[in-house]
Amino acid sequence: MKTVVSASALLASLVAASFAHADVEVKVGQVSPMSGPIAHLGKDNEAGAILAVEDANAKKLKIGGQVVKFVLVSEDDAGDPKTATVVAQKLIDAKVVGVIGHLNSGTSIPASRLYSDAGIPQITPSATNPKYTAQGFKTTFRVVANDIQQGGAMGQFAMKNLKAKTVAIIDDRTAYGQGLADQVEARVKSLGGKVVAREYGTDKTTDWMSVLTSVKSHNPDVVVYGGMDATAGPLLQQMRRLGLKSGFIVGDGACDPEMIKLAGNGMDDKAYCTIAGVPRDKMPKGKEFYARFKKRFGMDVQTYSPYEYDAMTALITAMQKADSTDPKVFLPTLASIKIPGVTGIIQFTPAGDIQNGSVTVNQFDKTDWKTVAVVH
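The opening position of the sequence shown corresponds to residue 6 in our numbering, with each subsequent residue numbered one higher.
Careful, some of the hints might be misleading.
[Said to hold, decoys possible] Across the chosen pairs, the derived CB separations fall in these ranges: (1) 293 to 201: 43 to 51 Å; (2) 223 to 74: 39 to 47 Å; (3) 64 to 218: 56 to 64 Å; (4) 30 to 379: 36 to 44 Å; (5) 170 to 301: 45 to 53 Å; (6) 341 to 379: 20 to 28 Å.
[Stated by the list, open to error] Taking lysine-lysine and the DSS-like style, the derived pairs with C-alpha atoms no more than 30 Å apart in a straight line are: (7) 371 to 300; (8) 266 to 300; (9) 326 to 64; (10) 74 to 64.
Quick caveat, the hints were computed from the structure, so don't treat them as lab data. Yeah, the Cβ is synthetic: ideal placement off N, Cα and C, and Gly gets one too.
The whole structure should be built from the sequences, with the hints applied where relevant.
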């Protein structure tokens with residue numbers, strides 16, 4: 006009988022010891038459009054989060070005296086505002102301690118209130134509408150420049166670099182596209198330029214001929230578009246088919262290889278795009294990241310996966326520095342964090358915007374986008 010009791014006690018102690026040394030699992034969320042016309046951008050973002058989580062787990066980080074294993078909970082919002090709130094609630098119910106996302110402004114903004122109410126930090130790697138951080142939530146952050154900076158850079162480039170006197174502006178009526186277009190219009194007018202047309206479609210529009218026929222009647226020096234690559238590509242192709250030879254500038258939603266593919270023979274050296282960030286050769290750890298990314302996923306970086314990586318790394322680092330996985334405890338640490346990232350120093354303003362955000366202007370050159378200016 007004593008042997009049985011002793012064996013039972015030994016078994017219990019071994020089980021207790023195994024639990025004591027077991028990794029504590031901490032769920033972190035990621036949301037991007039992984040279905041629909043901009044799924045390639047969403048999958049690019051998700052891959053950045055996967056890489057950051059894998060890197061953190063490889064370090065066997067200790068938080069609260071125990072080794073922590075981060076588990077990525079990834080959701081697809083399809084770039085749709087209503088779906089975004091559904092998956093946001095799903096992540097909250099899953100007890101994630103923070104969320105990286107969403108990709109679009111139109112999804113990030115409505116989801117942000119839910120995260121704020123739940124006290125969960127949200128860091129977007131790519132949403133640029135100023136309204137996102139202007140709401141006053143203590144849980145909202147972004148690691149890229151906003152559209153006041155990006156739209157201003159686009160308008161300024163059109164006026165000063167391309168010497169435009171007249172500009173036509175088209176947008177897709179999303180929070181991102183319209184917000185960006187509004188900032189471009191304000192900058193053009195402040196520099197003495199004339200906005201001769203302000204047209205719009207939707208984020209599903211691929212037939213732009215009626216809009217472009219109206220634009221062509223004004224013969225603008227430059228056409229600026231606020232929207233994603235799925236609609237920008239057909240827009241530029243149809244512009245050229247219609248004989249509209251104006252300069253063309255599109256924002257970061259279309260500053261990627263997919264835009265080149267979709268625009269086809271419409272691409273020429275009068276096509277420009279902007280990114281709310283810095284080019285690869287200006288990223289402190291860009292060369293290494295791009296090589297690792299290609300080796301790990303078998304695909305090239307589209308646009309914002311380096312920023313997704315930095316956002317997830319900032320979230321995890323805040324937990325480590327605060328020695329807690331409780332959002333209430335580590336949120337103030339996240340707000341005051343300053344760390345070297347792949348893309349540069351990750352540090353936030355009191356509103357949650359990135360400090361010293363940059364905007365890159367690219368020009369199409371034969372087969373690819375080439376950097377022509379970086380605006381700080």
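To see whether the hints hold, each was checked on the structure:
no.: 1; hint: 293 to 201: 43 to 51 Å; result: holds (46 Å)
no.: 2; hint: 223 to 74: 39 to 47 Å; result: violated (59 Å)
no.: 3; hint: 64 to 218: 56 to 64 Å; result: holds (58 Å)
no.: 4; hint: 30 to 379: 36 to 44 Å; result: holds (41 Å)
no.: 5; hint: 170 to 301: 45 to 53 Å; result: holds (48 Å)
no.: 6; hint: 341 to 379: 20 to 28 Å; result: holds (27 Å)
no.: 7; hint: 371 to 300; result: holds (26 Å)
no.: 8; hint: 266 to 300; result: holds (23 Å)
no.: 9; hint: 326 to 64; result: holds (15 Å)
no.: 10; hint: 74 to 64; result: holds (10 Å)
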